[in-house]
Each structure stands twice: as C-alpha cells, then as structure tokens.
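*Asks:* Listed below are the residues making up each chain.
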Amino acid sequence: MSNPSENKIIVGRWFTDFWGKTCNLGIVDELAAPDMLLQYSLHEPRRGREDVKAFMTGFREAFPDLNFWGAADLIAEGDYVVGRWEGGTHTGPAFSDFLSGSLLAATGRKMRFTGTTVLKIVDGKIVEEVGLDDGVTALTQLGLIRAV
Amino acid sequence: MSNESENEIIAGRWFTDFWGKTCNLGIVDELAAPDMLLQYSLHEPRRGHADIKAFMTGLREAFPDLAFASTADLIAEGDYVVSRWEGGGTHIGLAFSDFLVGSLPAATGRKMRFTGTTVLRIENGKIAEDIGLDNGATGLQQLGQLIVLATAKRAFSAVSNRRGALKGSGIKKQEAECLPRQPTLKVHAALQIVR
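Protein chains in written order, with the working numbering: chain F, 1 to 148; chain L, 1001 to 1195.
Because the hints were derived from the structure by calculation, they are not lab data. All of these numbers come straight from a predicted model, not from anything done at the bench. We treat Cβ as the ideally placed atom computed from N, Cα and C, and that holds for glycine. Honestly, I wouldn't trust all of these hints.
[Said to hold, decoys possible] Just the calculated beta-carbon pair ranges, DEER-fashion: (1) F:Asp-123 to L:Pro-1105: 49 to 55 Å; (2) F:His-90 to L:Asn-1124: 38 to 44 Å; (3) L:Glu-1086 to F:Asp-35: 21 to 27 Å; (4) L:Ala-1107 to F:Met-1: 49 to 55 Å; (5) L:Lys-1126 to F:Glu-50: 44 to 50 Å.
Please model the entire structure based on the sequences and the hints provided.
*Replies:* Spelled out as structure tokens, the structure:
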C-alpha cells in the first residue's frame, strides 16, 4: 500500500543526503532499492546501489561544491513523488584543469540549472529516480555546447 | 469527485487537444487561465491565451506532424498534475526561430523525438501553469542544432588523471568521504555529454 506522506519524507532525506551540499552515501544503502534505476538526461542510466554511489562520487569529484535543493513543494500520489529543484556548482578546481586561462572569466564558470525529478518508491525503497532538467542551459554555461 | 480527479481530467483533455496528434486551439479558451504561463526549456516563456496559441501555431507550422503522448499515469496532488510524455515531429514546414538556441531554416526534413516531464498547476478548473522539461538537448542534436565540443572528453580525462590535485583544494571532510579511495575512477562517466 503506497503512502504518499511517508514517501515525501523518504524523498526529502534522499535529496538532502544524496544531492545536497554535503553528501552521505550511506543514504544509498538505506533508501535505495538494490536494483534502483537512476537516470538523468545528461548522464548514462545507472542501476543498483554501487552504480548509483559511483555516479555521485564521480559527479562530486568533478564538482566538489555540487549542491541541489528543492525549489517547490513535493507532489506525491501513489508510489510516485515529484520534486522540482535547482542547483549546480561554482567553478571548482576541476574546471581550472581544462578550461584555458583565456576562456576563464574572473568569476569562473558556474553551472546552475533547474529540473524535475520523478521518484518511484515501493515498500519504503526508491526503485526509480528519473530526472530531466534544462540541461542545454547547463551545458552552454559550461561552454561545452554551442548553438550552430 | 476529488479535486485531483477533476484536475487529471482537465490535464488529459489539455494534453490531447493542445499537445496531441491533432490540435484544437479552442481548448486554450476553454481551459487556460487568462494569464496562463507556458514554459518549456527550449523556448521563451509564453503568457496568456493569444501568446500560447501563437506558440503552438508556430510550432505546428514548422513541425506539422507534431504529436506528444503520455507514457505513464498522471501524478496528481493538490493543484498539481504531473505528466510524463514522449513525442516529437518532422521539420518539414516553415523556418523556425522559436528556439532559444537558434533558428532552423525551412524544411530541413529532420525528425526530432524526445521525452519530457510537465507540471501543470490547475486552479478552480483552469490551467494556470504548464511548465515542462525535456531531453531537449537530444531533440536539438537530432535537428543538428547543437555542437558538442570535443574538449569535453579530454577535459574529463584530465580531471580523473589529476585526482591528486584535489588534495588541499579545500573539500570538506564529509564530501571527501564521497571520494573514491582508488584513484582510477573515470570522471567522464559523471558527465556523458559527448555521445
């Protein structure tokens, strides 16, 4: 029997400990289903606790100040919770490794974007996290894509 | 009937008549709030009946076979209805300049197809907001509108090879616990931008 109120609490903890300013990967062992699917438009899909942890480890290694937060109330019905969020990163040490000095503005290159994530929760475990975002904005900010 | 059930019916009719295979713009007069906001990541935000009708008219002139359809049950709570969808169209019509990232000349013949998530806010039986996100980058690539810089691949290799440089960078201890103990992690997996 799905419980939207409980599911919102689970998602709140997930967003804080997985996506927030500080990362506690123990939350994956606690809240992720063993074969959890994590899928975001800019990334390859990841499946299972180890893969999901590796995803976040790599992401935060590239962007050590990565931080995302809720931008609106969660929407929950049945097994699903929808979160609307924003966040990103300021230029971290990773950027200065590959952006040439002449391209790098004084303030550095920030990545800041918004998104919507749909999570499916079954028996208190997150089985799916599927997110979309205005990734074109993010990639343009990073100077990694440009319009033709 | 609950508020959510009524809202799901409104959402269903909106998706069919505004975004579906055939378009009936009368649905805007019927279901849109007077100052309704329509906002999708690849486009400028549009507001109000005339603006929203103009948006869809222009889009369908460029992509005459435009069609989007639900891929899963709607999710409804309170004033909100969330739809997950997919669709697209073929650019066989007029030149199109409504993308934030540039313009298409006429009739490129290219197909775009992508998925998305939309959040509708419905108040007193009228749609106040239709805000969507999508795999727009995929769509634009299909249309040939994006160039993904090859530096991305080199960049992420450089980062993973220089993991040692992160020491002394000021990363907090809690964040450091998320870093791998082995220095062989491939950072390019974190941002697979280059396909």
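*Asks:* Does the Cβ-Cβ separation between F:His-90 and L:Asn-1124 fall within 38 to 44 Å?
*Replies:* Holds: the Cβ-Cβ distance is about 42 Å, inside 38 to 44 Å.
*Asks:* Do the beta carbons of L:Lys-1126 and F:Glu-50 sit within 44 to 50 Å of each other?
*Replies:* holds, 47 Å
*Asks:* Go ahead and decide if the range 49 to 55 Å is satisfied by the Cβ distance of F:Asp-123 to L:Pro-1105.
*Replies:* holds, 53 Å
*Asks:* Starting from the hint 21 to 27 Å, judge whether the C-beta atoms of L:Glu-1086 and F:Asp-35 obey it.
*Replies:* holds, 23 Å
*Asks:* Does the Cβ distance between L:Ala-1107 and F:Met-1 fall inside 49 to 55 Å?
*Replies:* holds, 54 Å
Taken one by one, the earlier hints all hold for this structure without exception.
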